[in-house]
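Given these sequences and hints, build the entire structure.
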Amino acid sequence: SASGCQPQHPSLSAVPSSPAPAPQPLPPSPPATVAARQLDELLAALGPTQSKVSLVPRGEEGGPALPRPSHPPSLVAAGPGAGGPAGPEPSLDNMLGSLARDLQELGIAAAPAGVCAACRKPIAGKALTALGRAWHPEHFTCARCGQELGGQPFFERGGQAYCEEDYHQAFSPRCAYCAGPIREPHVLLTALDQTWHPEHFFCAHCGKVFGDDGFHERGGRPYCRQDFLALFAPKCRGCERPVTDDYLSALRGVWHPECFVCAECLSGFASGSFFELEGQPYCELHFHQRQGSVCHGCGRPVTGRCITAAGRKYHPEHFICAYCLGQLQKGSFRERGDKTYCRACHDKLFL
1 SASGCQPQHP SLSAVPSSPA PAPQPLPPSP PATVAARQLD ELLAALGPTQ SKVSLVPRGE
61 EGGPALPRPS HPPSLVAAGP GAGGPAGPEP SLDNMLGSLA RDLQELGIAA APAGVCAACR
121 KPIAGKALTA LGRAWHPEHF TCARCGQELG GQPFFERGGQ AYCEEDYHQA FSPRCAYCAG
181 PIREPHVLLT ALDQTWHPEH FFCAHCGKVF GDDGFHERGG RPYCRQDFLA LFAPKCRGCE
241 RPVTDDYLSA LRGVWHPECF VCAECLSGFA SGSFFELEGQ PYCELHFHQR QGSVCHGCGR
301 PVTGRCITAA GRKYHPEHFI CAYCLGQLQK GSFRERGDKT YCRACHDKLF L
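Final position of the sequence shown in full-length UniProt numbering is 351; the numbers increase by one with none missing.
Hints in this document: simulated from the structure, not taken from any laboratory.
Pairs of lysine to any residue, SDA-like flavour, derived with a Cα cap of 20 Å:
1. Lys339 <-> Ile320
2. Lys339 <-> Gln329
3. Lys121 <-> Leu131
4. Lys235 <-> Leu248
5. Lys330 <-> Gly304
6. Lys339 <-> Ala310
7. Lys235 <-> His256
8. Lys313 <-> Asp338
9. Lys330 <-> Ile320
10. Lys235 <-> Ser249
11. Lys235 <-> Glu217
12. Lys313 <-> Gln327
What follows is the structure, encoded as structure tokens:
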């Protein structure tokens with residue numbers, strides 16, 4: 001597990017050699033050689049060039065999983081004569097290495113700044129301190145791409161240092177839509193057990209970003225309310241619009257209560273009963289009209305005994321002479337236009 005993911009900064013210092021205790025006095029030596037004079041000049045030149053780079057980590061361990069790196073710090077002179085920013089001398093490593101060799105030749109011990117955590121060799125020149133260890137500056141690199149990290153913020157994971165790009169590519173959560181790393185913790189959005197860039201969390205059908213209505217999920221994908229209902233809600237058999245609240249279930253479908261009416265007269269079924277014909281609901285009257293089972297005499301449905309005459313149906317009590325209103329018997333009537341008559345009235349009126 002990571003011991004911290006805030007960007008950190010290495011501490012870089014130029015460590016001067018520490019001379020060993022002065023030897024006992026010796027007899028006078030010959031005049032200084034040219035090499036000795038050059039060494040004196042080198043030592044004098046090293047004094048005002050000692051400097052230290054202080055790179056202070058931002059935040060504590062266990063901070064947010066997605067830190068915002070700070071800018072690399074400036075170089076601050078910490079040696080004698082410090083008065084403003086100063087960069088290390090380009091040839092400082094060579095000068096310190098040459099100095100160490102010259103001091104060894106003269107019998108003066110030079111104390112190393114530590115052992116490099118990467119190459120395990122003593123550090124005689126500049127020493128960089130990071131992750132609680134010392135490094136040669138050129139050996140403190142990104143564990144993934146090998147880029148030197150001495151002059152920039154870095155991220156630590158599992159005791160290893162990473163540049164910003166490689167840290168996010170390797171360890172930051174990824175957007176479920178674009179699969180790119182989410183670099184800023186305050187813009188990370190979590191939904192459907194996944195992480196998203198806010199601008200990439202939108203309706204899977206229309207592409208609109210979700211508003212105050214939130215979203216609905218189907219098959220692991222988010223939808224706005226309008227598209228979710230249009231795509232997945234059951235449709236009313238009467239109006240074909242989505243059914244979201246109260247509904248009736250009839251004729252192998254669902255209906256808005258106000259849409260479940262007679263297909264002919266559009267009146268509701270106050271009695272609670274209806275008649276089905278070809279998958280549509282009808283009131284009793286219009287069902288019998290469609291079926292041709294309405295009494296020609298009274299215009300009401302014929303549900304019991306009926307008489308069929310001249311291609312029409314009658315209640316038995318309504319099969320009467322149109323003139324005298326006497327009961328007619330099947331086979332003993334006369335027809336004139338769309339009316340029926342007894343034989344006597346027919347002959348009296350029309351013969």
